[in-house]
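Q: Here are the chains, one letter per residue:
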Amino acid sequence: MTELLGLQSLTKAVREPNGTMRPIFDSLTFTMGSDERSVALLGRSGSGKTTLLRIIAGLDGRYDGQYVFQGTALAKHLDPLADHRRRHFGLVAQSYDLLDDFTVERNVLFGARGLEQPERRTREALALVGLEGMGKKPVTKLSGGEAQRVAIARAIIRRPTLILADEPTGALDEDTEGEILDLFTRLQESGTSFIIATHSPRVAAACHRRVMVADRRLRELGDDRGPVRAALPIAGGG
Amino acid sequence: MNASSLLRGTYGRLVAKVFVLAFLVTSLYNVFSFSRSTQDAVSQSFDDSAEVDMYGLTDRLTDPVLFEQYRKSLANLEKVTTFHDSLEQGAPAGVRLLSAFNQAMPVADFAGGQAFEHGYGTQETAQGPYEDPVLGKQVVNVKSVQLSESTFDFYNLAGQNDIDLDWGAVDYDSETIPVLLGADYDGVYAVGDRLTANYYFKPTRMRVAGFLPPNASMFYQGDINHFLDDHLVVPYPRSITGAAEADPGFYGILAFAMLNANIAVDRGQPDTVVFRTLQSAATSSGFDQYALLSVPSYLTQFASVRALVHDNFALVLTVECLVVAASLVMSGILTNSATRRRERRIRIAWELGQSRSDLGRAVLTIVAIEYASLAVVFLAVTHLLPNQDSSARTFCLTLIALLGAADLLRCRTQLRHTIRHRPRNEP
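If you read the sequences in order, they're chains A and B.
Mapping of the first sequence onto the working numbering: residues 1 to 238, in sequence order.
Mapping of the second sequence onto the working numbering: residues 239 to 665, in sequence order.
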């Protein structure tokens with residue numbers, strides 16, 4: 001199996017409001033193979049799931065350790081990381097991160113900067129997430145599930161290698177969560193990989209592999225070859 | 239993401255901010271301009287050295303018959319002219335004779351309009367053109383003031399474009415007297431033009447030596463700002479001793495006109511200096527038919543005007559401070575509101591992989607649009623104002639540039655913060 005990404009000896013601390021440094025990760029190691037389609041990232045609130053996703057996304061370069069993507073060690077400067085993020089990653093957040101005064105179409109186009117035929121790609125992305133014909137609709141008129149689909153369409157418009165989703169179903173009801181999981185499954189079948197930070201047992205169960213952030217490291221919980229461990233933590237964002 | 243994406247949804251706030259700041263900068267322009275024009279006005283007419291005790295000088299020959307008898311005597315005229323010159327040239331330091339008289343001047347073939355005519359704009363009735371028996375021509379009595387070099391200097395009068403009177407060339411026995419015209423005469427006469435006037439029944443040629451600047455004024459007979467814009471300014475000669483012999487009729491009037499004067503005594507001089515000076519001149523000339531009048535209204539009005547200006551300036555400054563504070567608060571609120579909206583957009587663009595330099599360019603473009611618009615609005619508004627002041631304008635444009643630079647610095651700091659921190663509870 002070739003490695004898609006690897007984090008080696010990742011150590012990071014954050015400054016608390018009182019000025020003290022709180023360690024988040026201590027020699028954390030994580031690898032994801034090119035053929036792995038989805039990894040669920042679990043953990044208690046504040047354990048560092050979002051921080052880990054931000055490091056993987058290249059939004060945070062302040063850590064010790066090495067980050068290797070497709071065999072290449074990444075620099076920690078934000079500008080090359082932004083370029084790397086644009087070429088390889090799509091981001092999906094619990095809060096959708098849509099622009100309220102834009103239509104559905106313009107929100108997706110917002111992620112298409114520099115692409116050829118952005119309008120055609122936008123239509124394709126919207127069709128892929130099941131929102132064809134809704135391009136002119138203001139995003140303020142969308143339901144939560146529709147809004148998350150717009151965010152996913154925007155994330156996939158550049159055909160990224162990996163989508164990093166932070167609590168993508170955290171604000172959705174069960175039925176809508178199921179629809180989003182179905183969408184994720186379809187995208188995985190077309191070759192896109194996912195790392196999903198979640199508290200949802202259902203989302204975790206839908207992933208091929210599950211890891212938990214605990215005690216400043218990652219602990220494997222299981223994969224398709226083994227059962228998901230019981231007692232998944234349920235709480236707010238972390 | 240480009241600047242238009244970033245601006246979207248914040249156009250109203252941008253326009254409001256531009257107008258609030260334009261209001262602020264324009265008000266500063268007005269205060270700066272007012273401050274300068276006030277200082278100029280004060281220094282033009284009443285600088286600190288003008289804080290003097292002022293006395294009025296006149297003759298006591300109030301009876302017309304006595305006056306006629308007195309001035310028909312050449313010996314008496316010699317006394318008067320000597321008395322005048324003693325005061326004009328022999329007064330001790332700190333004592334100045336300020337001769338000035340606003341006798342209307344009949345000018346032949348006058349090229350100006352009615353506004354220049356003596357009595358126009360006052361309760362007196364303008365006479366209009368009439369046949370002058372001395373000149374044998376149609377004349378108009380134009381507004382005029384005759385004054386001495388000391389008076390001219392005391393009120394800081396000066397010609398435009400560094401063209402001043404050559405007081406040494408003022409010779410009433412020569413063919414032509416150089417004169418200055420008020421600023422309103424610009425376009426009516428030009429430098430070098432010649433006028434023919436009936437000056438105390440003596441046909442006199444006058445050459446236009448220059449023009450006074452607009453709003454030139456002097457203190458005259460209780461009028462704190464006697465404006466000279468529409469006046470013909472005729473200089474008195476420096477000396478008239480011995481001149482009466484050649485033309486007793488003319489000098490018999492002129493000498494008494496020149497005694498119609500104020501005596502300015504610098505503060506700090508002994509109270510008796512003016513009396514001793516007059517006594518000395520009377521002794522040396524033999525003329526003692528003079529009377530001294532104090533002119534307290536001059537000082538009262540002068541002090542009042544200065545106080546008014548200063549009090550109002552303090553008031554204006556206070557109001558301006560409030561305007562600055564209110565404008566900055568409003569501008570801050572608008573900036574904050576627009577920044578919050580743009581911040582979310584910048585963060586999303588950053589997370590989608592847009593480079594910091596692209597985002598920085600978009601921010602720079604917005605700041606440039608804001609402050610260029612501000613400069614344009616400011617220039618357009620001040621262009622319409624009556625007070626044109628290039629120094630104030632330069633000051634305000636520099637201020638706009640500094641505000642823009644400060645705003646840009648703030649925006650770039652905000653940009654750095656936005657791409658490094660994600661608010662945990664953002665919707």
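Hints listed in this document are in silico derivations from the structure and should not be mistaken for laboratory results.
Some clues are possibly wrong.
Quick look at which bits of chain A chain B covers, simulated, 3 or more residues with Cβ under 8 angstroms [unchecked claim]:
id	segment
1	21-32
2	66-78
3	107-113
Per label pair, the in silico range of CB-to-CB distance [what the hints assert, rightly or not]:
id	chain 1	residue 1	chain 2	residue 2	range
4	A	D83	B	T556	52 to 62 angstroms
5	A	G191	B	G598	44 to 54 angstroms
6	A	A205	B	V567	36 to 46 angstroms
7	A	Q117	B	R648	16 to 26 angstroms
8	B	N240	A	Q117	16 to 26 angstroms
9	B	A606	A	G71	14 to 24 angstroms
10	A	P80	B	P624	57 to 67 angstroms
11	B	Y249	A	G144	22 to 32 angstroms
12	A	P80	B	L553	58 to 68 angstroms
Glycine included, C-beta positions come from ideal geometry on N, C-alpha and C.
Q: Now tell me, hint by hint, if it's right for this structure.
A: We went through each hint and held it up to the structure:
With a threshold of 8 angstroms between beta carbons, the proposed coverage of the segment 21-32 of chain A by chain B is violated, since 0 of its residues qualify and at least three are required. With 1 residues having a Cβ less than 8 angstroms from any Cβ of chain B, the segment 66-78 of chain A misses the three-residue criterion, and the hint is violated. Counting residues of the segment 107-113 of chain A whose beta carbon lies closer than 8 angstroms to any beta carbon of chain B gives 3, which meets the minimum of three for the stated coverage. Checked against the hint of 52 to 62 angstroms, the pair A/D83 and B/T556 passes, with Cβ atoms roughly 55 angstroms apart.
In this structure the supplied range 44 to 54 angstroms is violated for A/G191 paired with B/G598, their Cβ-Cβ distance being about 35 angstroms. Here the CB-CB span from A/A205 to B/V567 is close to 55 angstroms, at odds with the stated 36 to 46 angstroms. Distance hint for A/Q117 and B/R648: a CB-CB separation of about 38 angstroms, inconsistent with the stated range 16 to 26 angstroms. Hint check: B/N240 to A/Q117, Cβ distance near 19 angstroms, so the stated range 16 to 26 angstroms holds.
Taken as a hint, the range 14 to 24 angstroms is violated for the pair B/A606 and A/G71, whose Cβ atoms sit roughly 43 angstroms apart. Separated by about 59 angstroms at the C-beta atoms, A/P80 and B/P624 satisfy the suggested range of 57 to 67 angstroms. Distance hint check for B/Y249 and A/G144: the Cβ-Cβ separation is about 29 angstroms, which falls inside the suggested range of 22 to 32 angstroms. Between A/P80 and B/L553 the CB atoms are about 60 angstroms apart, so this pair conforms to the stated range of 58 to 68 angstroms.
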